[in-house]
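**Student:** Position chain R relative to chain L; hints supplied.
If you want the building blocks of each chain, they are given just below.
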Amino acid sequence: EAQVTQNPRYLITVTGKKLTVTCSQNMNHEYMSWYRQDPGLGLRQIYYSMNVEVTDKGDVPEGYKVSRKEKRNFPLILESPSPNQTSLYFCASSLQGVVSPLHFGNGTRLTVT
Amino acid sequence: GENVEQHPSTLSVQEGDSAVIKCTYSDSASNYFPWYKQELGKRPQLIIDIRSNVGEKKDQRIAVTLNKTAKHFSLHITETQPEDSAVYFCAAHLNTGFQKLVFGTGTRLL
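One line per chain: the protein sequences are L and R, in this order. Number 96 in our numbering belongs to position 96 of the first sequence; there are no gaps in the numbering. Residues are numbered in our numbering as their position in the second sequence, beginning at 1, plus a constant of 1000.
Looking at chain L on its own, in the form it has when it is part of the complex (with noise of 0.2 Å):
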């Protein structure tokens, strides 16, 4: 089954400590992307890639790491997480950019405390 998988789908922790948020997709899609969803804000772009090893910034790069060593994989790294980053975060991946269309993951609820 063709999918963008994530994990954790929750995940609680304390400002600060590192974390990881997997995405892998199975559709030999070329652009993957993390967007974080917030009350009345919708959903913000945080990075994107188009290809292995090419990244760039969305809109809310601040306190965020990626990176796309495989072409399936694209974690998005915390490196010292802050209760502002409290989101619920998505992963998706494209073809072929974002004028074709996102499959999106289930979403990473992720708190800060």
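One or more hints might be untrue.
As the list claims (entries may be wrong) - Pairs of lysine-lysine, DSSO-like flavour, derived with a Cα cap of 30 Å:
id: 1; chain 1: L; residue 1: K69; chain 2: L; residue 2: K17
id: 2; chain 1: R; residue 1: K1037; chain 2: R; residue 2: K1022
id: 3; chain 1: L; residue 1: K57; chain 2: R; residue 2: K1042
id: 4; chain 1: L; residue 1: K57; chain 2: L; residue 2: K18
id: 5; chain 1: L; residue 1: K57; chain 2: R; residue 2: K1022
id: 6; chain 1: L; residue 1: K17; chain 2: R; residue 2: K1068
id: 7; chain 1: L; residue 1: K57; chain 2: R; residue 2: K1068
Everything labelled a hint here was simulated from the structure, so no lab data went into it.
**Tutor:** For chain R alone, kept in the frame of chain L given last:
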């Protein structure tokens, strides 16, 4: 950069009525406008999209219209049904070579 405003934030309709959600964008160079539907507790899913060289697109009960002069685009849902209850997000892509998609703040359709 691109900015997308979406209205209303909440829309309540009776079953069978029509619903219209409107979005305005700031940059006239935007060229792609998708709409995503997010049911409660689930992931967003694309329901329809339109490109800047098209004025209207329909898919069964759903239609999207684009007015490039006024820089706004709208989602129209006819004969609404209970399963249409969800949050709807519009988005715009600025044709600058960057793969950025700017989303509106969402409309909760009840």
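**Student:** Name the hints, by number, that the structure is in violation of.
**Tutor:** Per hint list: single violation, 6.
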